[in-house]
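Novice: Input sequences plus hints: build the corresponding full structure.
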Amino acid sequence: MRSVLITGASRGIGAAVARVFAEKGERVYLNYHHSHEAVQRLCRELTEKGCSVFPIQCDVSDPHAVQAMFGTLPPIDVLVNNAGIAQTKLFTDLTDEDWHTMLSTNLGSVFYCCRAALPAMIRQHSGRIVNITSVWGQIGGSCEVHYSAAKAGIIGLTKALAKEEGLSGITVNAVAPGVIQTDMLSPYTAEDLQALRDETPTGTLGTPMDVARAVWFLASPDASFITGQVLGVNGGLC
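Residue numbering for the sequence shown follows my numbering, starting at 102 and increasing by one per position.
Please keep in mind that the hints were generated in silico from the structure rather than gathered at the bench. Even glycine gets a Cβ: it sits at the ideal position worked out from N, Cα and C. Mixed in with the good hints there might be a few duds.
List of simulated lysine-lysine pairs, DSBU-like, C-alpha gap at most 30 Å [as the list claims (entries may be wrong)]:
{"hint": "1", "residue 1": "Lys260", "residue 2": "Lys150"}
{"hint": "2", "residue 1": "Lys264", "residue 2": "Lys150"}
{"hint": "3", "residue 1": "Lys125", "residue 2": "Lys150"}
{"hint": "4", "residue 1": "Lys260", "residue 2": "Lys190"}
Pairwise CB distance ranges (calculated) [stated by the list, open to error]:
{"hint": "5", "residue 1": "Phe326", "residue 2": "Lys190", "range": "39 to 49 Å"}
{"hint": "6", "residue 1": "Thr290", "residue 2": "Gln225", "range": "30 to 40 Å"}
{"hint": "7", "residue 1": "Gly270", "residue 2": "Thr290", "range": "41 to 51 Å"}
{"hint": "8", "residue 1": "His135", "residue 2": "Cys339", "range": "39 to 49 Å"}
Specialist: Here it is, written out as structure tokens:
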């Protein structure tokens, strides 16, 4: 049984990833920031199935909070950096606070959690890191410049860290979801969503479980010779 930490695990993609890993028999730590009730519901659901799940509150955009969180955890075998926020806004309307919040939450959290998890992984000469980026980090999204920049940064971090940690038996990969049916789509109108379906070759939107299965694959023994890669789960959009 491996110890797995999933950031932003209370809902959406994070909750789907938690379900997959927990139901596969892993010991799963569910990180959340504000969504206490949601993570408690998820814990009850999985505990009733006999799964080993443990909620852990932490603002992963805060480096000191991340260090404190890892101080309470056993060595982490699998780290899934999923926590993130979205914001739709014209570039010319972005404030310094918008930029800082987006970068610290979506990119800074990946850096802080990788930095905290790696010493134990290096000592045990094994580990899996899977970072959740986005199709917009690959091709850019209009009115989401700061989001696209943060997600592109995750791709660069993933590729560079994979090269640095390969000899330590650690793989580092990313999953780049396309348009996935989560709360992040709430600002979009029905017309916007239909336009996104029309742009996607499959003609559909993805589900959190589509992404979760890809994360599981990259963390599994089947992916032991895969590192530094970005796996697109986007219906052919990119």
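Novice: Looking back at the numbered hints, which does the structure fail to meet, lowest number first?
Specialist: Checked against the structure, the hints that fail are numbers 1, 2, 6, 8, while the rest are satisfied.
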